[in-house]
Amino acid sequence: MAKAGYEIRTAIARKQISAVEAVEAALAHAQALEPQLHAYIRLLPERALAKARAIDEQVRSGQTLGPLAGVPVAVKDIFCVAGEITTAGSKILENFRAPYSATVVEKLDNAGAIIIGKTNMDEFAMGSSCENSAFGPTRNPWDLEGVPGGSSGGSASTVGAITVPIGLGTDTGGSIREPASFCNIVGVKPTYGRVSRYGMIAFASSLDQAGPMAGDVLDAAQTLSVIAGHDPMDSTSVDIPVPDYTAALRTDLQGVRVGIVSEFETEIGKSDPAMAALYKAAYEDLQRLGARLVDVRLPHARYGLATYYLIAPAECSSNLARYDGARYGRRVDGDGDVFTMFERTRAAGFGDEVKRRIILGTYALSAGYYDAYYVRAQKIRTLIKQDFDAAFELCDVIACPSVSTPAFELGAKTQVPVAMYLMDYFTIPMSLAGVPALSVPAGYVNDLPVGLQIVARAFEEATMLGVAHAYERATHHAQARKPQVALSSSAAGSGS
Amino acid sequence: MADVPIDIDHVSQLARIALTKEEATRFSSQFARLFEFIAELQALDVSHIPATAQAIPLLNVLRDDEVTPCLSREAALENAPDKEGPYFKTPRILE
Amino acid sequence: MSQQTPVQDSTRYEAVIGLEVHVELSTHSKMFCGCRNVFGAEPNTLVCPICLGMPGSLPVINRRAIEFLCKVGLALGCTIAAHSKFDRKNYFYPDMPKNYQISQYDMPLTTGGSVQLPSQKIVRLNRIHLEEDTGKNIHAGGHMATSDYTLIDYNRAGVPLMEIVSEPEIASPEEAEEYLVQLKTVLLYLGVSDVKMHEGSLRCDANVSIRPVGSTTLGTKAEVKNMNSFRSVVRALQYESQRQEEAVRKGERIVQETRNWDETRGLTYSTRSKEQAHDYRYFPDPDLVPLTIEQGMIERWRSEMPEMPLTKRQRFVSAYGLADYEAGLLTSDRVTADFYEAATAESKEPKLVANWMLGDVRKFLEKHGLTLATSLIRPQPLAALIKSVTSGNISGKAAKEVCDILVAEGGDPQNIIEKRGLAQVSDEAAIKQVVDEVLAQNQDTVASYKAGKVKALEFLVGQVMKASRGKAKIEVVRAMLLERLG
Chain A
1 MAKAGYEIRT AIARKQISAV EAVEAALAHA QALEPQLHAY IRLLPERALA KARAIDEQVR
61 SGQTLGPLAG VPVAVKDIFC VAGEITTAGS KILENFRAPY SATVVEKLDN AGAIIIGKTN
121 MDEFAMGSSC ENSAFGPTRN PWDLEGVPGG SSGGSASTVG AITVPIGLGT DTGGSIREPA
181 SFCNIVGVKP TYGRVSRYGM IAFASSLDQA GPMAGDVLDA AQTLSVIAGH DPMDSTSVDI
241 PVPDYTAALR TDLQGVRVGI VSEFETEIGK SDPAMAALYK AAYEDLQRLG ARLVDVRLPH
301 ARYGLATYYL IAPAECSSNL ARYDGARYGR RVDGDGDVFT MFERTRAAGF GDEVKRRIIL
361 GTYALSAGYY DAYYVRAQKI RTLIKQDFDA AFELCDVIAC PSVSTPAFEL GAKTQVPVAM
421 YLMDYFTIPM SLAGVPALSV PAGYVNDLPV GLQIVARAFE EATMLGVAHA YERATHHAQA
481 RKPQVALSSS AAGSGS
Chain B
1 MADVPIDIDH VSQLARIALT KEEATRFSSQ FARLFEFIAE LQALDVSHIP ATAQAIPLLN
61 VLRDDEVTPC LSREAALENA PDKEGPYFKT PRILE
Chain C
1 MSQQTPVQDS TRYEAVIGLE VHVELSTHSK MFCGCRNVFG AEPNTLVCPI CLGMPGSLPV
61 INRRAIEFLC KVGLALGCTI AAHSKFDRKN YFYPDMPKNY QISQYDMPLT TGGSVQLPSQ
121 KIVRLNRIHL EEDTGKNIHA GGHMATSDYT LIDYNRAGVP LMEIVSEPEI ASPEEAEEYL
181 VQLKTVLLYL GVSDVKMHEG SLRCDANVSI RPVGSTTLGT KAEVKNMNSF RSVVRALQYE
241 SQRQEEAVRK GERIVQETRN WDETRGLTYS TRSKEQAHDY RYFPDPDLVP LTIEQGMIER
301 WRSEMPEMPL TKRQRFVSAY GLADYEAGLL TSDRVTADFY EAATAESKEP KLVANWMLGD
361 VRKFLEKHGL TLATSLIRPQ PLAALIKSVT SGNISGKAAK EVCDILVAEG GDPQNIIEKR
421 GLAQVSDEAA IKQVVDEVLA QNQDTVASYK AGKVKALEFL VGQVMKASRG KAKIEVVRAM
481 LLERLG
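Residue numbers (the working numbering), protein chains in the order written: chain A, 1 to 496; chain B, 1 to 95; chain C, 1 to 486.
Please keep in mind that the hints were generated in silico from the structure rather than gathered at the bench. As the structure is a prediction and not an experimental result, all values here were calculated from the model.
With a cut-off of at most 25 angstroms between alpha-carbon atoms, the simulated DSS-like pairs for lysine-lysine come out as follows:
| # | chain 1 | residue 1 | chain 2 | residue 2 |
| --- | --- | --- | --- | --- |
| 1 | A | K91 | B | K89 |
| 2 | C | K85 | A | K385 |
| 3 | A | K91 | B | K21 |
| 4 | B | K89 | C | K89 |
| 5 | C | K367 | C | K351 |
Next comes chain A alone, as it looks inside the complex (with noise of 0.2 angstroms):
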């Protein structure tokens, strides 16, 4: 059974396979790891397989294929699905059923992707271990005692243990990167702008968006030019020309200067020594193709981490407002009194991460400390962005580690929620200031994945993407050891 997405649609557009055929293996497979990975909040098999008999009509009468006929995809539960139950991870949305489909799920829907199942999360997207989840964690392919990374995790570890090519996720702070370099796959966070939100459930709206997770940056480069694009239903997606991002991809990195960030290497030398030199020797792959590595420097990253934490619970605190229990999701009685009904709703609906966040932002707006905490927090955003405005001045792309260290123990984080929050030390000042990133295959750490972060100028994925592909082709990490999962797992039909 082919493995890439782009393998599985060129073997069904040859009727070497039916679509059919790719979607119950895929649910076979993810059935079958599920009391091990529990990536999936739900599968969707009867929508799948409808979506195969037609893509497989559509081969059968010779019409012309999408880009992503018939090929298996999964996508994280913030994203509405029309007709089947949307959680965002959270038991206040457990019975939540969307009557419209996001805009990314439209395009995946019209380019013949097919979505097996809504897979898990951290809580509205706030986590960055997937253990926020309300439904349980989900586990790391490469180690089952281990997080798959947040809050993108049911998606990282369903492509990670090679279930099906494509996922879709979110990154508000990292949450794309993160778990991609926590299972050894390609996560993209594209400009912001790029891609629709319509659709997708808002944690913090000027910092989220929509990314390809997928096993190699060919797929997630197609699903990028899929998913990418204007929408006049989300105000802040950019009307610029989307292009085919799978043309771009170069083997060889001449002429191409790559910043190395000061503040962040000595921030890596600060972790576990394997860690800085793999990075190390993830630099000298970067040179030995071409590259030129030039020092740059982002002297404001460092308070990336209380920007974030001010400005990203401030949006979510009016977001979340909604979740009263007046029009959807789970009521909890409330002594005959509304206003008592919606604090008792969001006591139980809500857990321990989500309610710190709402608290935090609701103070960082209250009257009296807006300006000293929202206000001036949007100031060092600009002082960020600025930044790395000077960066790419000196280089074309920036190369950074995507995260401190590899994969953590389950349970290892959860006591101090500042530790957890450092995992998005390296991949919240991208975030803050806007631009494309994207975390590759490095290598491996204490058998651990570990990630390369690619970051470039607005709108300039392609270069990127660019970047990534031919470091991958290079040292094919990915490829080089199997999951654990996939060791251990003895599912009939989960391929070779």
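Got chain A; can you put chains B and C on it based on the hints?
Just chains B and C, lined up with the frame of chain A:
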């Protein structure tokens, strides 16, 4: 400067979340470490810096005044935890 | 409420009133989504994921709402902001689907401007901004205080709402009504709202305080809400300013609070203290992007504006030689004004048209429960009717009958005249015949007249009119009789 300045009772009321005493205490101590990071922000001179409300600057995104199909009432009410006839239903409002 | 010294009886007090008027704009679709914007639909049938605040939904600004508000700003002499934006006003309420309202805080679309009252007094405006309306709470049993539960209709949620805030420069309840009437006229002229208070497309809250006459400092204000008609506004403001004056005279302190007007009991009562103001935590809505309004756009809007009531009124006086009050009545709305001008253009008799429109046409509209807009009468037929009278084709009395029919059913006056045989007979030969018959049959009355009884002539005129079934032209009859009787 590890003092946590948040009046959690007041803020949780603004946010309409009924926290338990235990939660209020626990969150308070959990915020302490984060506020150490946040305190570092106070030291920066941002007096001449404009606030970034949006990462990618856009202006004047508008739509034409055209009617598009609504949800059917059944679809609109489908997820309602409580309803009566064509209405959403909640407990009464006590000011 | 601390006691202060009771005030000298001789102090005179004046009311200081500011009005916040909310106007629903009559765009086709809602402010941030494409749901139809119309009153009176079945509950929860004009809703979508966006105006219901469903997870993942996003707002997109309706450009016509911006245009409408800016045109109101131009009509009222406001400054249109070069830069504007939308902010979130955060608070929880069951009729608010997102538990925040998209509104404008510190960068409203317009500032300044004014409303001129008929007395020539100018009431300055503070600002006009745009926001989205909320849904409607229906309380079981009709009263918020006694119902067990609340029923909610979100049809109205997301309708574009324009908030016009005046400076506290209105000096009396009567002035407040004048202000509202002026505002309503301007809004109807621009066609941006149907401004029906009974349907909620015009809503009014007032800030009321009192102070000794001659003082320039403002007293503590109370906010008065729940006034559902212009009359309610006047009554409520009268009550509230009276209540405050009585309180102050007794040495009581006025509390800054919100008070509801109770129409049935004729009083205001305290709802919640404004001192416990909501912390709305305003911040720029991150789902929307800012607005810049270019001079070119403003000029284009200005060129699209219709002539405003005051200008039109002044033009009617100078162009048509009308009295100011006549011009005022004829320009009270655009339908009437346009009708008048069309009829006058056709008939070339501005004074006559004015008399007819303000007289019989108005009377018959009222009789049939119609307005000029809903009636089938048209300017050209009215002009033709007026011509029929001036040319002597029909009598004034017959013309009224035709006018009644035109208002009730529309049509062409000539057809009506013919169908009903209302044409006056001017033919002298025909009239002479009838005069001869009447004179012959009323010899004794003729004798009375010749003996000096002048009134006998009117009897003879009446007889001729009766014999001709009212069709003879009365002036000809009288002239002929006078001639015959010597």
